[in-house]
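As they're listed, the protein sequences go chains G and F.
Using numbering that gives the first Met the number 0, read the first sequence as starting at 0 and increasing by one per residue.
Using numbering that gives the first Met the number 0, read the second sequence as starting at 0 and increasing by one per residue.
Just so you know, these hints were derived from the structure itself, not from any lab.
Any given hint could be a false lead.
As a list, the in silico DSS-like pairs of lysine-lysine whose alpha-carbon atoms are at most 25 Å apart [stated by the list, open to error]: (1) G:K313 <-> F:K200; (2) G:K313 <-> F:K448; (3) G:K313 <-> F:K445; (4) G:K302 <-> F:K459; (5) F:K448 <-> F:K305; (6) G:K302 <-> F:K445.
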Amino acid sequence: MALKLSDLKTSAHNDWCPGCGDFGILNAVQMALAEMNADPSGTVVVSGVGCSGKAPHFIKTYGVHTLHGRAVPFATGIKLANPNLNVIIEGGDGDGMGIGAGHFVNSGRRNIDMLYIIHDNEVYGLTKGQASPTLGLGKKTKSLPLPNINQAINPIMLAVAAGYTWVARGYSYDVRHLKDLIIKGIRHKGYAFLDVLQPCPTYNDILTKEYWAGEGNLDASGRPQPRTYKLEENGYDGIVHSDDEAEIEKKVQQAILKSFEFGDHTPIGVFYQNEFVPTYEERLTGRSPSYKTNPPASQEIAKPDGTPLTNIDKLLDELRVS
Amino acid sequence: MKRDDFSWMIGGVQGSGVDTSAIVFSKAAASGGLYVFGKREYYSNIKGEHSYFQVRVSKDLIRSHVDTVDMLATFEEETIFRHALEVRSEGAIIYDPDQDTKRLDTIPTIEANVKATLTAELSKAGLSADVKGVIELARRRGVHIYPVPYNDLLKEVGTKHGETSLSTLQRMLNVMAVASSFALLSYDQELVKDAVRKQFKSKPKVAEMNADAVGAAYGFMGQKYAGSFAYKLSPVKADGTRLFVRGNSMVAMAKELAGCRLQTYYPITPASDESEYLEAHSEMQLDGAASQGEPRLAEAAAMKGKGAIAVVQSEDEIAAVTMAIGGGIAGVRSSTSTSGPGFSLMAEGLGYAGMNEVPVVVTLYSRGGPSTGLPTRHEQGDLRFALHAGHGEFPRLVLASGDLEEAFYDTVRAFNYSEKYQTPVIHMVDKALANSDGTIPMLDVKRVKIDRGALLREIKDVTNGEFKRFKHVESGISPRAPVGTKGGVYWLTGDEHDEVGHISEDPVNRDYMMEKRMGKMELAAKEIPISDRANFFGPEKADVTVVSWGSTKGAILDAMEWLKSDGITVNFLQIRLVNPFPTEYVTALLSKAKKVVGIEMNYSGQLIGIVRERTCIPVEQMVIKYNGRPMSSEEIYDAIKMIHEGKAPKRMVLKRGA
Ligand SMILES: Cc1ncc(C[n+]2csc(CCOP(=O)(O)OP(=O)(O)O)c2C)c(N)n1
Ligand code: SF4
Ligand SMILES: [Mg+2]
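When you get a sec, could you build the whole thing from the sequences and use the hints?
Take a look at the structure:
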């Protein structure tokens, strides 16, 4: 039975502001899951805290709305306990690159097979519009009393540097393109990062829907030029095609260089993809061969009468002195 | 007080094999049927600082260390300076006479105040501040001195094995010191050689050379000092199978047995040894049908009877606890192990597990705090924090183990409680326990039962595809289907939530959910038998009633026996489940007691405060200690004696230990 879009909607009241870019991301996630005919009870959406963090409540799969900044480690525990689950992480830019920055970077070193979507609105939405780690130095969004005193993080560069094996950017009002990216990110074998440009009409009066549509960015004939363009339509190939160090280095450098483009000419699409890196699940299997076939969540640990199934006789033998 | 045991000490520079020598000594003694208790003391340092190991052996059951040193085995000068004057009169010091000229003022790792005190003492006796001087002072105090020319003996062994490098040979100094000790005690040489061979079993050549070093030491000691030391150590017949274990690995083994399949950790002393043990043994043997459902892959058949525990070294303790909670959410018994600084970072995560009724076990190895504190030393300063860590109110069980065996069985109970009551369990073990070695009777694995509580394997009861994870039920414990269970979905959130887990700020729902969660503690208090919540030792009526918790147990029990032979009767109430607190039981016991003494390893008497809070009974007499060194049985004996004689201050602070 094919999964319909309506099957993925919940009865929870959605309290995002009208016109919020989060709606586009929500639709794209639901469309992607419907198109993939995902099993809702085999899918878990794990989120942090923020406006973005509420997303799981609107998606009818398992939803785990965690703590501010901690979506990634919660998701890590869920996935490693049950590697057969499809785990999607959704969080804010503050959540992932401010309070959760340590997890953002270190999870890149593991390459667990999950997709991490960041709702990048350059503000702390839920706490009323303070500057987030992706807001540029000197920018003054609506609710800031003074221009931003910190420099911005470049999420794409950071993700590539940290070791994510699939790095992409989408735009929340290009829902179809975003949906395709989400499907690719889920299908990617390894850790995928998707930065989504997400207008926050309530607090970010700089990166608005109109801004991305090209307001004030006129071509010679006076027509507004959209500020995003698609990498794949411009001959950019971010995919590592062979397990060759020189090739990998070239593609990493290319992605990092590309990540500097932002503003009037902002690339969306896949910056980097490398499927030659072993996943963390494979690495664990290397250490304990039964991990793959008999992962934690599949293991029976006791007989029905409560007798443990783990046999520790060998361990005890090592300790015997008489 | 008459001690019928033997207390041996070895010291040396950290990284020079002090640990190995203590293990060899202990195992040689234990395999001769003797009881052993070993205590390790070390600096927060990897190489260069001083560390020492004290091993107590006896033919009768012992559970603690003593302050008295009967024999000090040394192979370098710092140990002589630091410990020679701790050796009792009629005791023994084994040392290398080549060290005689080493001067105290040239040793950078000895603290200035220690140097000053020792120098003054030596000069008062008209002795020089060098090894010769200290050895002479010890001799004048009645200690027997046994010079052993290690290097000559080592060279002999080297010749036999074609090894000419003195620095390679000197790696056997520690074994030489052990063997010389046993030789003086006229202990069976073969047991020592066996222990050495086992210790180096992965390197057969090294093992043989070390065994010959044992022979050389026995040969020299026999020729030179035969019969000169009065105390003899002889093997006895052990009553049944015994194990020689360390605290950390007891917890690790029990985690595997309990079915823990996800362990996360961020390195910290004294907790990480446990995780490293699990990492080293991450592929496990499973009895019977190992996998539920269909084997997914062809290799599954080959893996039958095998199971893996995923051990993850996280980026910090926030990640460690939240990953473990993630494992709990997915239905896997999960835990993390840490010490004070790491536990401080886990507070918010604990609240999430409480709020979402997720089972998770945190093993908390307390050490000296606050802040970085005394990273490698002992303290019981985290009891209050374990009870209250996290904002808001949520249920948690706090379990404190008193000895090596309890650490094993309590680990399994911690997982059972966490699944039965669907909430975090904090299992407190402390540095003294983690780093103690001891002989214990063979563990009774058959005693262990796994209780997974209201765990569902499939979801049948859904409305509109949604499962009520927080369904209203009389007991407050809703059936729990892990995330990923087929048949329905639900949500979790740190926000207050309704029955399916969606955010709700409704006041009526809030009251219900608070009462549901907190009510689980009342249920736990009713259901868990008192025998699992407290231990009571000694006669019903006694001159003194001791209340304590955690690793002071062994020292208290050992002291009780000496006090008994002095005619002072003592009984002892050990609190094992600090939350939910066994209020009625403790109230009944303490209100009948003649004189109550609270004993614990912290400044403020944390358990004493909790007893007062829960029972309204003030414990007027406290015996506390916070210098980072565990209480010895002798200290407790002396303290209770003073209290009994009415000579003790109300707040008695113990000070011993180096
Ligand atoms: C530990 C902690 N500190 C602070 C907060 C308050 N807080 C809630 S949401 C938020 C920021 C959200 O910003 P972002 O992650 O960018 O998400 P957005 O709302 O923009 O989607 C903060 C600081 C919190 N919930 N927890
Ligand atoms: S504050 Fe901004 S991000 Fe939050 S819901 Fe409103 S528009 Fe969206
Ligand atoms: Mg934001």
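Going down the list of hints, with the structure as the test:
1. G:K313 <-> F:K200: holds, 17 Å
2. G:K313 <-> F:K448: holds, 19 Å
3. G:K313 <-> F:K445: Answer holds: K313 of chain G to K445 of chain F is near 15 Å, not above 25 Å.
4. G:K302 <-> F:K459: The given pair, whose Cα atoms are some 23 Å apart, holds under the 25 Å limit.
5. F:K448 <-> F:K305: holds, 20 Å
6. G:K302 <-> F:K445: Holds, at roughly 13 Å.
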